[in-house]
Amino acid sequence: MSQTKSEFALALNQICAERGIEVKVVIESIKQAILAALKRDLGYEDEVQLEGYIVEVNEDTGAITVQKDGKDATPSGFGRIAAQVAKQVIMQRVREAEKDAIIGEYTDKVGSMVTGMILRFDGPNIVVDIGRGQAIMPTAEAIPNEFYRLNQRVAVYIKEIRETYKGKAIVVSRSAPELVKELFAREVPEVGSGAVEIIAIARESGHRTKLAVKSTQDGVDPVGSCVGQKGIRVQAVINELNGEKVDIIEFSKDLPEYIKAALAPAEGLEVIIDESKRKATITVPDDQLSLAIGKGGQNARLAAKLTGYKIDIKGSEAKKIALSTTGTEQFEIDGLGLSSKLRNSLIEMKITQVTELEAKLDEVKTTFAALDPRGPEETVKAIARFHKKQNMAIEEAEKMVRYLAEREAENK
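Each residue of the sequence shown is one higher than the one before, starting from 738 at the first, in the working numbering.
Hint data in this document are derived by calculation from the structure and do not stem from the laboratory.
Misleading hints may appear alongside valid ones.
[To be verified] Computed list of lysine-lysine pairs in DSS-like fashion (alpha-carbon distance at most 30 Å, straight line):
no.: 1; residue 1: 918; residue 2: 982
no.: 2; residue 1: 1136; residue 2: 1118
no.: 3; residue 1: 982; residue 2: 1126
no.: 4; residue 1: 1056; residue 2: 903
no.: 5; residue 1: 1032; residue 2: 1125
no.: 6; residue 1: 1032; residue 2: 967
no.: 7; residue 1: 951; residue 2: 903
no.: 8; residue 1: 982; residue 2: 1047
no.: 9; residue 1: 918; residue 2: 846
no.: 10; residue 1: 918; residue 2: 1016
no.: 11; residue 1: 1136; residue 2: 1097
no.: 12; residue 1: 808; residue 2: 846
no.: 13; residue 1: 905; residue 2: 824
no.: 14; residue 1: 990; residue 2: 1016
no.: 15; residue 1: 967; residue 2: 1014
no.: 16; residue 1: 1032; residue 2: 982
no.: 17; residue 1: 967; residue 2: 1016
no.: 18; residue 1: 905; residue 2: 1126
no.: 19; residue 1: 918; residue 2: 1078
no.: 20; residue 1: 824; residue 2: 761
no.: 21; residue 1: 1102; residue 2: 918
no.: 22; residue 1: 836; residue 2: 846
no.: 23; residue 1: 990; residue 2: 967
no.: 24; residue 1: 1136; residue 2: 1102
no.: 25; residue 1: 1051; residue 2: 990
no.: 26; residue 1: 1047; residue 2: 1102
no.: 27; residue 1: 1057; residue 2: 1047
no.: 28; residue 1: 1056; residue 2: 1087
no.: 29; residue 1: 1125; residue 2: 1102
no.: 30; residue 1: 1126; residue 2: 896
no.: 31; residue 1: 1047; residue 2: 1032
no.: 32; residue 1: 824; residue 2: 836
no.: 33; residue 1: 1126; residue 2: 1087
no.: 34; residue 1: 1016; residue 2: 1032
no.: 35; residue 1: 1102; residue 2: 903
no.: 36; residue 1: 896; residue 2: 846
no.: 37; residue 1: 836; residue 2: 1136
no.: 38; residue 1: 1032; residue 2: 990
no.: 39; residue 1: 951; residue 2: 967
no.: 40; residue 1: 903; residue 2: 982
Source: prediction; values computed, not measured.
Whole structure, please, built from the sequences with the hints as guidance.
In structure tokens:
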């Protein structure tokens, strides 16, 4: 084993130079790996039994020797094992360096949109090929009522670089409001150039998005620019979002007018602002009440989220508030991926948790059958998928906990 080929050293230095890896780091990794191989070869069960053993790797010649107490202690026939271990360590370091380089490249791209391809399904995550690297799209970052297929091309928003039990991962999203902004920047030249600015976005992914826009240049119609001739521009965004509805309104510094626009298509609204509580009380003509609130309260929720004001809505003849929303309400049933029609019907029935849905499933199936013949069956399948994804997510979380515990133990 003391006379391994000097080509090893030449190759090592060349690979390290090309990949940007420090030779000393690789050499140290080789030493540790060979000690582990030596432990197996000698049949030792404890690290203590390796005390006194030292692995030497000559960086110039590539010669590898094992010594104990200053004497050669290389087991007979161990040379081939050592060479194989060294090769494996170098290749592992090369892979790690390449991955680090890719992570570094995409760290600079966090906050931007790329087009990727669905590569495979890994537990609760979808693996997306985004060019030089692979990214993961967790269940929470997917559009709830969208179904993905292998090799499907999709636009995704690079959200973050996240530490996982498999190492650092690029996390992408299709449910992020920022994706809508990036799509408009791609489809609308005025948005891309900054002539039209997107001030705020409120989104319930898979169902509806509202965005407020304003012009930064005289003579530019912000809403018209985003809609496009015959709606061609906004339709391109809608198609990319698998049919998600998109409402575009013009931003106004006049808060009552801004809130009225956000509650469109309802008309004839009276708005009273309480700035200290960031609350707006809206009085609506009775024949416009359902439009202002929207199916399942969606229109009012999105308006509240868009404007940043809590919205209380009441009819013109009523004393009580018909609906109060901050726009930040979270509904567990959104994880079911139901159609907007079925999902909003559940909210109207005051069913927002999956356990509530399961408790009233027979009643819900009867209601859904009248809305959509496939509704009852779709709901049962959606519940089964929801629990399967939950179980996979729990498994992933447990793996992450074990990974963090192991890292903590290593650092002690």
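Hints, verified against the model:
1. This hinted pair checks out: residue 918 and residue 982 have alpha carbons roughly 14 Å apart, not beyond 30 Å.
2. Only pairs whose Cα atoms come within 30 Å are accepted, and residue 1136 paired with residue 1118 is accepted, the gap being roughly 27 Å.
3. The hinted pair formed by residue 982 and residue 1126 meets the criterion: a straight-line CA distance of about 26 Å does not exceed 30 Å.
4. Between the alpha carbons of residue 1056 and residue 903 the distance comes to roughly 57 Å, so the proposed pair goes past 30 Å and is violated.
5. Distance hint between residue 1032 and residue 1125 is fulfilled; the C-alpha atoms sit about 29 Å from each other, no more than 30 Å.
6. Among the hinted pairs, residue 1032 with residue 967 is consistent with the structure: their alpha-carbon atoms are about 27 Å apart, no more than 30 Å.
7. A C-alpha spacing of about 44 Å is found between residue 951 and residue 903, which places the hinted pair above 30 Å, so the restraint is violated.
8. Taking the CA atoms of residue 982 and residue 1047, the gap is about 23 Å. The hint holds against a cut of 30 Å.
9. A hinted pair counts as satisfied when its Cα atoms are at most 30 Å apart, and residue 918 with residue 846 qualifies at roughly 16 Å.
10. Restraint check for residue 918 and residue 1016: the C-alpha separation of about 27 Å stays at or below 30 Å, so the hint holds.
11. For the given pair, residue 1136 sits about 34 Å from residue 1097 by alpha-carbon distance, which is inconsistent with the 30 Å threshold.
12. Between residue 808 and residue 846, the direct Cα distance comes to roughly 53 Å. Violation of the 30 Å bound is thereby established for this hinted pair.
13. The hinted pair formed by residue 905 and residue 824 meets the criterion: a straight-line CA distance of about 24 Å does not exceed 30 Å.
14. Proposed proximity of residue 990 and residue 1016 is supported: the alpha carbons are some 16 Å apart, at most 30 Å.
15. Under the criterion of a C-alpha separation no larger than 30 Å, the hint pairing residue 967 with residue 1014 is inconsistent with the structure, at around 41 Å.
16. For the hint linking residue 1032 to residue 982, the alpha-carbon distance of about 13 Å falls within 30 Å, and the restraint holds.
17. Simply put, residue 967 and residue 1016 have alpha-carbon atoms about 37 Å apart, too far for the 30 Å limit, and the pair is violated.
18. Taken as a hint, the residue 905 and residue 1126 pair is honoured in the structure, with Cα atoms around 22 Å apart against an allowance of 30 Å.
19. About 25 Å separates the Cα atoms of residue 918 and residue 1078, which keeps this hinted pair within 30 Å; it holds.
20. Distance restraint check for residue 824 and residue 761: the Cα-Cα separation of roughly 15 Å lies within the 30 Å cut-off, and the hinted pair is therefore satisfied.
21. A C-alpha spacing of about 37 Å is found between residue 1102 and residue 918, which places the hinted pair above 30 Å, so the restraint is violated.
22. For the hint pairing residue 836 with residue 846, the CA-to-CA distance comes to about 15 Å; that is within 30 Å, so the pair holds.
23. Distance restraint check for residue 990 and residue 967: the Cα-Cα separation of roughly 28 Å lies within the 30 Å cut-off, and the hinted pair is therefore satisfied.
24. The hinted pair formed by residue 1136 and residue 1102 fails the criterion: a straight-line CA distance of about 37 Å is larger than 30 Å.
25. The hinted pair formed by residue 1051 and residue 990 meets the criterion: a straight-line CA distance of about 24 Å does not exceed 30 Å.
26. The suggested pairing of residue 1047 with residue 1102 is violated, with an alpha-carbon distance near 33 Å, which exceeds 30 Å.
27. A distance of roughly 16 Å separates the Cα atoms of residue 1057 and residue 1047; the hinted pair therefore holds under the 30 Å criterion.
28. This hinted pair checks out: residue 1056 and residue 1087 have alpha carbons roughly 22 Å apart, not beyond 30 Å.
29. A hinted pair counts as satisfied when its Cα atoms are at most 30 Å apart, and residue 1125 with residue 1102 qualifies at roughly 21 Å.
30. At roughly 21 Å between alpha-carbon atoms, residue 1126 and residue 896 fall within 30 Å of each other, so this suggested pair holds.
31. With a CA separation close to 18 Å, the supplied pair residue 1047 and residue 1032 stays within the 30 Å bound.
32. A distance of roughly 18 Å separates the Cα atoms of residue 824 and residue 836; the hinted pair therefore holds under the 30 Å criterion.
33. This hinted pair checks out: residue 1126 and residue 1087 have alpha carbons roughly 24 Å apart, not beyond 30 Å.
34. Taking the CA atoms of residue 1016 and residue 1032, the gap is near 22 Å; set against the 30 Å cutoff, the hint holds.
35. The hinted pair formed by residue 1102 and residue 903 fails the criterion: a straight-line CA distance of about 42 Å is larger than 30 Å.
36. Using a Cα cut-off of 30 Å, the hinted pair residue 896 and residue 846 holds, with the two alpha carbons roughly 9 Å apart.
37. With a CA separation close to 21 Å, the supplied pair residue 836 and residue 1136 stays within the 30 Å bound.
38. This hinted pair checks out: residue 1032 and residue 990 have alpha carbons roughly 28 Å apart, not beyond 30 Å.
39. With a C-alpha separation of about 20 Å, the suggested pairing of residue 951 with residue 967 holds against the 30 Å cut-off.
40. Among the hinted pairs, residue 903 with residue 982 is inconsistent with the structure: their alpha-carbon atoms are about 37 Å apart, more than 30 Å.
In this structure, the earlier hints numbered 4, 7, 11, 12, 15, 17, 21, 24, 26, 35 and 40 are contradicted, and the remaining ones agree with it.
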